[in-house]
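Colleague: Listed below, chain by chain, are the residues.
2 protein chains.
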Amino acid sequence: MFNFTFQNPTKILFGKGQIANITSEIPKNAKVLMTYGEGSIKNNGVYDQAKSALAHYTLFEFAGIEPNPEYDTLMQAVKIVQHENIDFLLAVGGGSVADGTKFIAAASLYAGHPWEILASGKPLSKALPLGVVLTLPATGTEMNGNCVVSHSAINEKRALRSPLIYPQFSVLDPEATYSVPLKQIGNGIVDSFVHVVEQYLTYPSQAPLQDRFAESIMQTLIEVGPITYHNPHDYDARSSFMWCTTMALNGLIGVGVPQDWSTHIMGYELTISYGLDHAQTLAVLLPSVMHVKRQQKQEKLLQYGERVFGITQGSIESRIDHAISKTREFFESVGVPTRLSAYNITAAAIPQFLQQLEEHGRFPLGEHRDMDRAAVQRVFENSL
Amino acid sequence: MFNFTFQNPTKILFGKGQIANITSEIPKNAKVLMTYGEGSIKNNGVYDQAKSALAHYTLFEFAGIEPNPEYDTLMQAVKIVQHENIDFLLAVGGGSVADGTKFIAAASLYAGHPWEILASGKPLSKALPLGVVLTLPATGTEMNGNCVVSHSAINEKRALRSPLIYPQFSVLDPEATYSVPLKQIGNGIVDSFVHVVEQYLTYPSQAPLQDRFAESIMQTLIEVGPITYHNPHDYDARSSFMWCTTMALNGLIGVGVPQDWSTHIMGYELTISYGLDHAQTLAVLLPSVMHVKRQQKQEKLLQYGERVFGITQGSIESRIDHAISKTREFFESVGVPTRLSAYNITAAAIPQFLQQLEEHGRFPLGEHRDMDRAAVQRVFENSL
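Keeping their order, the protein sequence lines are chains A and B. Residues in the first sequence are numbered consecutively from 1, following my numbering. Residues in the second sequence are numbered consecutively from 1, following my numbering.
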């Protein structure tokens with residue numbers, strides 16, 4: 001096990017009716033900006049619950065944070081924060097609204113050009129406090145200090161990590177997610193599963209508890225994922241799915257172990273160029289990463305096959321193939337394709353894909369930092 | 001899954017050499033009181049490492065916090081804190097030193113009679129900040145807001161829970177635990193295992209992720225416990241053991257699920273009356289709780305047997321018996337007896353035992369609050 005530092009101060013309010021309790025978590029005299037997306041919260045009661053909980057606050061609203069939140073959109077919210085002297089942000093929505101609001105929290109107090117926050121890699125020195133009411137279980141942003149922001153004008157998608165942007169609290173009410181479209185539930189299942197894989201499927205590192213925690217989340221997603229996909233109002237399944245997505249990326253399972261993240265980094269480029277949903281890129285690329293890196297990841301692939309899918313028979317290569325095909329089956333069982341052909345992307349796209357990764361300074365990738373252009377090309381070809 | 005609130009702000013510094021990093025965690029101008037036990041840290045280098053890290057602070061020391069920390073001892077430290085205007089406490093030691101220091105943190109700022117903090121059950125309103133350098137993996141106190149204090153003069157042992165006594169940080173350096181006597185390592189393995197069982201072995205509650213996390217800790221303790229017991233200097237095994245003990249009682253596995261704690265509560269009385277180590281009481285009582293409550297706990301006992309020990313064959317009753325005997329074997333494999341006879345305690349002790357539980361207002365016990373005097377008597381008899 002590697003040395004590590006772990007701290008996660010976010011307070012989780014989990015369960016039915018918890019939106020009403022945000023009142024005890026936001027300072028009484030705070031000027032609050034409530035941020036949300038394209039308005040779905042107005043149709044499922046979540047907007048009304050949040051407004052009602054905030055009845056005694058000076059409240060402003062900012063709507064229109066889009067999926068893959070855009071820098072230009074977020075900067076409009078920053079203007080409101082600065083003009084109105086907002087001192088608390090409440091994100092009501094999915095991962096994009098929460099991520100965007102984290103950036104607003106940082107940019108509102110930043111003295112320089114706000115894109116530097118994402119591009120410079122320098123540690124953040126301050127940010128406004130924020131809370132989250134989560135309506136879409138997927139990214140884990142509700143309990144971590146990460147956010148990802150897109151800047152279409154310059155064809156970039158950048159991540160920020162800082163202890164200053166952990167939400168002060170996050171409300172996880174499974175009932176607030178019942179009206180999420182099926183496609184997004186499928187995406188959330190894949191997204192959280194791949195978050196686990198990125199922190200697990202590397203090489204043995206004498207961290208058996210972290211391994212088992214990771215396997216626990218994957219097993220539970222496989223168990224409850226299809227149930228919550230097909231029965232959105234099953235409270236128990238939705239609850240467990242929601243808790244899995246949070247635990248998949250709150251830092252816990254990744255302490256003291258090597259991490260990969262090549263699937264995510266390659267996926268960003270597919271989103272930028274072709275507009276695929278984040279999870280769609282992961283479902284397409286992960287099985288190919290497993291295939292192309294089967295030698296380096298052999299021991300963990302076998303452990304994954306055995307403990308997550310019960311695969312104990314056959315040669316090493318056939319067990320790995322079996323584990324990969326079970327992974328594809330699982331993603332497809334919740335409606336997410338695992339081939340680029342589903343999006344009409346062909347081998348003709350490879351040169352531009354490699355060039356973008358190069359321009360964004362992404363090489364080399366993977367836990368061994370050994371994935372070069374040739375390896376990534378093989379991943380792409382295997383994903384067609 | 002039940003509704004829940006979860007927050008754990010403690011920062012963990014894990015690994016070799018981390019004691020040196022406490023300097024960045026304690027405010028620069030703090031007057032620090034370093035608390036410890038009976039001096040073993042002076043023989044293993046931990047005292048010197050801590051002193052060296054604190055070289056630039058105004059530093060006071062308080063030695064002599066005993067196992068099952070005593071109210072009267074801790075009140076001597078409170079006097080020093082108040083007299084010297086201490087503003088940060090650093091506990092260097094095992095669970096007793098950390099627990100005692102949490103009480104000192106609370107009592108130093110308490111206006112009334114300090115025993116009320118433990119006896120009244122009222123929420124704490126303030127406490128000094130504290131940090132921990134852990135030298136004995138066992139109780140989980142390094143990452144929770146609990147402490148237990150004994151008051152021999154009045155034959156009591158009481159617990160305090162408060163968000164104000166979470167350590168600001170805890171250093172978990174496996175090498176700092178190498179010189180712990182074997183007996184205490186065995187105790188730590190049993191203690192952390194039973195912490196998990198208290199939060200797991202109840203009844204099914206639609207919380208599959210919490211179940212699997214709990215099983216992960218138990219499986220890992222079974223895997224690495226005997227290794228670290230027999231090879232104290234095996235860094236990897238000690239690291240995993242140490243991380244298991246922290247995760248066993250930091251609140252995570254207990255969110256949204258029913259909890260038992262009858263074994264702990266009964267065990268307190270055995271410590272008070274016969275001086276058994278805390279873990280010794282648990283090893284003796286838990287198998288009997290499993291036996292006496294086998295109907296109410298049937299589904300979880302079968303799941304425990306199957307997932308933790310691989311028991312899949314036989315009748316329901318024989319599988320439960322098998323799971324209980326595997327539990328005894330595990331405890332005994334790390335040197336902790338599972339029968340009261342090992343301590344020369346006989347059935348003659350039953351009336352006083354029941355009377356103490358009665359006087360301390362402990363009935364009824366268990367996750368169903370259905371363990372009365374008769375049930376507890378059966379537990380005791382089965383433990384002889």
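Heads up, a few of these hints could be off.
Straight-line C-alpha distance at most 30 angstroms; calculated DSS-like pairs for lysine-lysine [unchecked claim]:
#, chain 1, residue 1, chain 2, residue 2
1, B, LYS31, B, LYS16
2, A, LYS126, B, LYS11
3, B, LYS28, B, LYS122
4, B, LYS126, A, LYS122
5, A, LYS11, B, LYS79
6, A, LYS11, B, LYS122
7, A, LYS31, B, LYS16
8, A, LYS122, B, LYS11
9, B, LYS157, A, LYS122
10, B, LYS157, A, LYS28
11, A, LYS126, B, LYS31
12, B, LYS122, A, LYS126
13, B, LYS326, A, LYS11
14, B, LYS16, A, LYS28
Hints were generated in silico from the structure; no laboratory data involved. Every value quoted in this text rests on a predicted model; they were computed, and no experiment measured them.
Colleague: Evaluate each hint against the coordinates.
Modeller: Against the structure, the hints come out as follows:
1. Taken as a hint, the LYS31 of chain B and LYS16 of chain B pair is honoured in the structure, with Cα atoms around 26 angstroms apart against an allowance of 30 angstroms.
2. For a cut-off of 30 angstroms, the pair hint linking LYS126 of chain A to LYS11 of chain B stands: about 19 angstroms separates their Cα positions.
3. With a C-alpha separation of about 33 angstroms, the suggested pairing of LYS28 of chain B with LYS122 of chain B is violated against the 30 angstroms cut-off.
4. Among the hinted pairs, LYS126 of chain B with LYS122 of chain A is inconsistent with the structure: their alpha-carbon atoms are about 36 angstroms apart, more than 30 angstroms.
5. The suggested pairing of LYS11 of chain A with LYS79 of chain B is violated, with an alpha-carbon distance near 34 angstroms, which exceeds 30 angstroms.
6. Annotation: proposed proximity of LYS11 of chain A to LYS122 of chain B holds, straight-line Cα distance about 22 angstroms (limit 30 angstroms).
7. Between LYS31 of chain A and LYS16 of chain B the CA atoms are separated by roughly 45 angstroms; this puts the pair beyond 30 angstroms, and the hint is violated.
8. Taking the CA atoms of LYS122 of chain A and LYS11 of chain B, the gap is about 22 angstroms. The hint holds against a cut of 30 angstroms.
9. Restraint check for LYS157 of chain B and LYS122 of chain A: the C-alpha separation of about 50 angstroms exceeds 30 angstroms, so the hint is violated.
10. As the CA atoms of LYS157 of chain B and LYS28 of chain A are separated by approximately 39 angstroms, the hinted pair breaks the 30 angstroms bound.
11. At most 30 angstroms may separate the alpha-carbon atoms for a hinted pair to count; LYS126 of chain A and LYS31 of chain B meet this at roughly 27 angstroms.
12. Our distance criterion of 30 angstroms between C-alpha atoms is broken by LYS122 of chain B and LYS126 of chain A, whose separation comes to about 36 angstroms.
13. Restraint check for LYS326 of chain B and LYS11 of chain A: the C-alpha separation of about 38 angstroms exceeds 30 angstroms, so the hint is violated.
14. At most 30 angstroms may separate the alpha-carbon atoms for a hinted pair to count; LYS16 of chain B and LYS28 of chain A exceed this at roughly 44 angstroms.
Taken one by one, the earlier hints fail for this structure at numbers 3, 4, 5, 7, 9, 10, 12, 13 and 14, listed in ascending order.
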